[in-house]
Amino acid sequence: MKNRLLELLQDNCKFTDQELASMLNTTPEEIRKQIADFENSGVICGYKALINWEKVPGSDVRALIELKVTPKRDKGFDEIAQRVMAFDEVEGVYLMAGDYDLAVFVKGDTIQEIAMFVAKRLSPLDSVLSASTHFILTKYKSNMVDMQNLSSDKDERECVV
Amino acid sequence: MCGIMDYDYFLNSKIKNTKPSGIRKFFDIANEMDNVISLSIGEPDFQTPWHIRETGIKSLEKGKTWYTPNRGLSQLRVEICKYFKRRFGVEYHPDTDTLVTVGGSEAIDGALRCIVEQGDEVLIPQPSFVCYEPLTVMAGATPVIIETKAENEFRLTPEEIEEKVTEKTKLLILPYPNNPTGASMRKEDYEAIAPVIEKHNLLVLSDEIYAELSYGSEPVSFASIKGMKERTIIVSGFSKSYAMTGWRLGYALGPEPIISQMTKLHQYAIMSAPTTAQYAAIEALQNGDSDIHEMRDQYDMRRRLIVDSFNSMGLSCFEPKGAFYVFPCIMSTGLGSEEFASKLLMSKHVAVVPGNAFGDCGEGFVRVSYSYSVAHIKEALKRIKAFIDELQ
Numbered sequence: 005m006k007n008r009l010l011e012l013l014q015d016n017c018k019f020t021d022q023e024l025a026s027m028l029n030t031t032p033e034e035i036r037k038q039i040a041d042f043e044n045s046g047v048i049c050g051y052k053a054l055i056n057w058e059k060v061p062g063s064d065v066r067a068l069i070e071l072k073v074t075p076k077r078d079k080g081f082d083e084i085a086q087r088v089m090a091f092d093e094v095e096g097v098y099l100m101a102g103d104y105d106l107a108v109f110v111k112g113d114t115i116q117e118i119a120m121f122v123a124k125r126l127s128p129l130d131s132v133l134s135a136s137t138h139f140i141l142t143k144y145k146s147n148m149v150d151m152q153n154l155s156s157d158k159d160e161r162e163c164v165v
Numbered sequence: 012m013c014g015i016m017d018y019d020y021f022l023n024s025k026i027k028n029t030k031p032s033g034i035r036k037f038f039d040i041a042n043e044m045d046n047v048i049s050l051s052i053g054e055p056d057f058q059t060p061w062h063i064r065e066t067g068i069k070s071l072e073k074g075k076t077w078y079t080p081n082r083g084l085s086q087l088r089v090e091i092c093k094y095f096k097r098r099f100g101v102e103y104h105p106d107t108d109t110l111v112t113v114g115g116s117e118a119i120d121g122a123l124r125c126i127v128e129q130g131d132e133v134l135i136p137q138p139s140f141v142c143y144e145p146l147t148v149m150a151g152a153t154p155v156i157i158e159t160k161a162e163n164e165f166r167l168t169p170e171e172i173e174e175k176v177t178e179k180t181k182l183l184i185l186p187y188p189n190n191p192t193g194a195s196m197r198k199e200d201y202e203a204i205a206p207v208i209e210k211h212n213l214l215v216l217s218d219e220i221y222a223e224l225s226y227g228s229e230p231v232s233f234a235s236i237k238g239m240k241e242r243t244i245i246v247s248g249f250s251k252s253y254a255m256t257g258w259r260l261g262y263a264l265g266p267e268p269i270i271s272q273m274t275k276l277h278q279y280a281i282m283s284a285p286t287t288a289q290y291a292a293i294e295a296l297q298n299g300d301s302d303i304h305e306m307r308d309q310y311d312m313r314r315r316l317i318v319d320s321f322n323s324m325g326l327s328c329f330e331p332k333g334a335f336y337v338f339p340c341i342m343s344t345g346l347g348s349e350e351f352a353s354k355l356l357m358s359k360h361v362a363v364v365p366g367n368a369f370g371d372c373g374e375g376f377v378r379v380s381y382s383y384s385v386a387h388i389k390e391a392l393k394r395i396k397a398f399i400d401e402l403q
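Going down the list, the sequences are from chains B and C. Residue numbering for the first sequence follows our numbering, beginning at 5 and increasing consecutively. Residue numbering for the second sequence follows our numbering, beginning at 12 and increasing consecutively.
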C-alpha cells in the first residue's frame with residue numbers, strides 16, 4: 005500500500021502542512037498528527053538536505069568498501085555492524101546477500117586517508133576477513149535525485165493550438 | 012500580395028476569416044523570455060508509459076510498417092469496444108460502430124463534415140476548446156454559441172439549450188470534461204439535457220477525450236444516458252488518458268450509418284491512422300489501467316493544491332472535477348483576461364492563457380494548466396501570489 009504522505013515528504017520535506025493537506029484532501033492538523041506518528045515510530049528518521057558534495061570546492065572522497073566478515077554466535081552481524089557504524093568516516097552500512105556481507109560507505113579528505121582507514125582501522129577488526137575498496141567517481145543518482153542534472157528538465161512540449 | 016501572385020484570390024474565404032488560436036499568442040511571447048514558468052500547456056507532462064512505448068518499438072522491429080485497415084486494426088477496435096463496455100457500460104460493435112482516427116481532432120472534424128452542411132446550425136457550449144467553431148464553419152454550417160456560466164460551474168443546462176435551439180439546429184457539441192474550465196457533467200446533468208435533445212431531434216458530438224481524468228467520481232459517457240446512444244457520436248482517444256499526444260491516435264464510436272460515412276471520408280482524406288501508434292494503443296488498453304490511475308492520482312494532488320492556493324490568494328476558483336485545468340476568476344483584480352495574463356507574464360514571467368481565448372464568456376477568467384510537476388506549480392503559485400499582492 006502506497007503512502008502518499010511519505011512519498012510527498014520524501015520528494016520534498018519542506019512542503020507546508022497546508023500544502024500537504026490540500027494535496028491529500030485532509031486538514032493540516034491531521035497531517036501534523038500523521039507526521040508525528042511517523043516520527044515517533046521511527047518511520048521518518050530525520051530531515052536532511054541533499055547535498056551534492058562533488059560541487060563543493062575542496063570536498064572529500066567517497067568509497068564503497070565490501071567487507072567479508074564472520075558473524076558472531078548469538079549476535080549475528082549486528083555486533084560487527086555496530087563497530088563499523090561507530091566510525092565517523094562511515095556514512096552508511098548495509099548487510100548484503102551475495103559475495104560479501106557488509107557494504108560500507110566511507111568518506112575521507114583524500115584517497116590516502118580512506119586507504120589508511122581501511123588498512124589500519126577497518127581490516128584489523130576481529131571479525132573482518134577481507135575488505136575490498138572501490139572509490140566512487142561520480143554520483144549519478146542518489147536518493148531519487150539526478151545529481152548531475154543529466155535528464156534535461158527543459159519542457160519540450162509545444163503549444164500546438 | 013506576394014510577388015505577382017494574388018493568393019488572396021485563390022484562398023478559401025472561410026479559412027481566411029478564421030482567427031488564429033488565442034492560446035498560442037502568450038506561449039510564443041513566453042518562449043522568447045528567460046526564467047519563464049509556464050502553466051499554459053494543454054498536454055500531459057508525463058511521458059507515455061514505457062510498456063506502451065516498447066510495444067510501439069517492437070511493432071517497428073517486426074516490420075509492421077504498412078497501412079492498417081481504414082477503420083483501424085481489428086484487434087484495436089475490439090479492445091476499444093471492450094474498454095468502453097467495462098468503463099462506461101456502453102456496447103459498440105468493433106466492425107461497424109468504431110473508427111480509429113488521427114487523434115480525437117480528426118474524429119471531430121470528420122463527424123462535423125459528415126453531419127452538417129450549409130444552412131445547419133451547431134450548438135457549441137463555451138468556454139470550450141478552440142477547434143469546434145472553426146471546424147463547424149469549414150464544414151459549411153453555422154456555429155451557435157451557448158455561454159455556460161461560472162455560477163453553474165460551467166455545466167450545460169437544458170434551459171441554455173432551449174434558448175439557442177432553432178429548427179435549423181442539427182448537432183450539439185458536448186465538450187466535457189471541459190478544456191479550459193475543468194467542468195464536468197454529472198449523470199444527472201446529462202439526464203437533464205437528454206429530453207431537450209430528444210424533443211428537438213438533435214445529434215450529439217460528445218468529446219470525451221478527458222473522461223479518464225475525472226476526480227472524485229467515476230466518469231460518465233453521454234452515450235450511457237437512456238435513449239442517447241442512438242443520437243451520439245463519442246470522440247475519445249489516447250492522448251490525455253495514456254499521455255500519448257504525439258502518437259496522434261483517437262477514435263469515434265457511434266451509430267453505424269454515421270460511422271460508415273465518417274469511415275468513407277477518413278478513407279479518402281487519411282487512409283489509416285499511424286500503424287505504430289495503433290499497436291501501442293492495443294497495449295495501452297490491455298495493460299494500461301494502472302498507468303491511468305497513477306497519473307490521475309498525481310493530477311488530483313496538483314489540482315487540490317492549485318485550487319486551494321488560488322482561493323486563498325483571493326482568486327475565486329470552483330473545484331474542477333475533470334481534465335487538468337483550473338479556471339480562476341480574475342475579476343477581483345480589476346483587470347481583463349488578456350491584461351491579467353500579459354501583466355503576469357511581463358512582471359512575474361508566469362504564462363497562463365486568457366479565458367476569452369475559449370470564447371467571449373471566458374472573459375474575466377484565465378486557464379491554468381496543472382500538467383506540471385508540483386515543484387513547478389509551487390514556484391508559479393508563489394509568483395502569482397506576489398503579483399496579486401502587488402496589485403492591491
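Keep in mind that the hints were calculated from the coordinates and are not lab data. Remember, predicted model here, so these are calculated numbers, not experimental data. Don't be surprised by glycine CBs; every beta carbon is placed ideally from N, CA and C. Please note that a few of the clues may not be correct.
Unchecked claim - Label pairs and their in silico Cβ distance ranges:
1. B:58 - C:26: 42 to 48 Å
2. B:47 - C:169: 33 to 39 Å
3. C:26 - B:42: 37 to 43 Å
Claimed, not checked - Computed footprint of chain B on chain C; a stretch qualifies when at least three of its residues, placed anywhere within it, have a C-beta under 8 Å from a C-beta of chain B:
4. 39-53
5. 304-317
6. 370-379
Stated by the list, open to error - Straight line, CA to CA, 20 Å or less: simulated DMTMM-like cross-link-like pairs of lysine to aspartate or glutamate:
7. C:181 - C:158
8. B:72 - B:103
9. B:37 - B:11
10. B:6 - C:390
11. B:18 - C:56
12. C:359 - B:11
13. B:158 - C:158
14. C:36 - B:159
15. C:393 - B:21
16. B:6 - C:319
17. B:158 - C:45
18. B:18 - C:390
19. B:158 - C:300
20. C:36 - B:162
Results of checking the hints against the structure:
1. For the pair residue 58 of chain B and residue 26 of chain C, the supplied restraint of 42 to 48 Å is violated, since their beta-carbon distance comes to about 56 Å.
2. Between residue 47 of chain B and residue 169 of chain C, the C-beta spacing of about 53 Å breaks the proposed range 33 to 39 Å.
3. The hinted range of 37 to 43 Å is not satisfied by residue 26 of chain C and residue 42 of chain B, whose Cβ atoms lie roughly 60 Å apart.
4. With a threshold of 8 Å between beta carbons, the proposed coverage of the stretch 39-53 of chain C by chain B holds, since 5 of its residues qualify and at least three are required.
5. With 5 residues having a Cβ less than 8 Å from any Cβ of chain B, the stretch 304-317 of chain C passes the three-residue criterion, so the hint holds.
6. Counting residues of the stretch 370-379 of chain C whose C-beta sits closer than 8 Å to any C-beta of chain B gives 0, which falls short of three, so the coverage hint is violated.
7. Taken as a hint, the residue 181 of chain C and residue 158 of chain C pair is honoured in the structure, with Cα atoms around 18 Å apart against an allowance of 20 Å.
8. Taking the CA atoms of residue 72 of chain B and residue 103 of chain B, the gap is about 8 Å. The hint holds against a cut of 20 Å.
9. Of the supplied pair hints, the one linking residue 37 of chain B and residue 11 of chain B holds, its CA atoms being roughly 17 Å apart against a limit of 20 Å.
10. For the hint pairing residue 6 of chain B with residue 390 of chain C, the CA-to-CA distance comes to about 26 Å; that exceeds 20 Å, so the pair is violated.
11. Proximity of residue 18 of chain B to residue 56 of chain C is assessed by CA-CA distance (about 23 Å); at most 20 Å being required, the pair is judged violated.
12. Between residue 359 of chain C and residue 11 of chain B, the direct Cα distance comes to roughly 30 Å. Violation of the 20 Å bound is thereby established for this hinted pair.
13. Annotation: proposed proximity of residue 158 of chain B to residue 158 of chain C is violated, straight-line Cα distance about 37 Å (limit 20 Å).
14. A hinted pair counts as satisfied when its Cα atoms are at most 20 Å apart, and residue 36 of chain C with residue 159 of chain B qualifies at roughly 18 Å.
15. Of the supplied pair hints, the one linking residue 393 of chain C and residue 21 of chain B holds, its CA atoms being roughly 16 Å apart against a limit of 20 Å.
16. With a C-alpha separation of about 24 Å, the suggested pairing of residue 6 of chain B with residue 319 of chain C is violated against the 20 Å cut-off.
17. As the CA atoms of residue 158 of chain B and residue 45 of chain C are separated by approximately 12 Å, the hinted pair is consistent with the 20 Å bound.
18. Between residue 18 of chain B and residue 390 of chain C, the direct Cα distance comes to roughly 13 Å. Compliance with the 20 Å bound is thereby established for this hinted pair.
19. Distance hint between residue 158 of chain B and residue 300 of chain C is unfulfilled; the C-alpha atoms sit about 28 Å from each other, more than 20 Å.
20. The hinted pair formed by residue 36 of chain C and residue 162 of chain B meets the criterion: a straight-line CA distance of about 12 Å does not exceed 20 Å.
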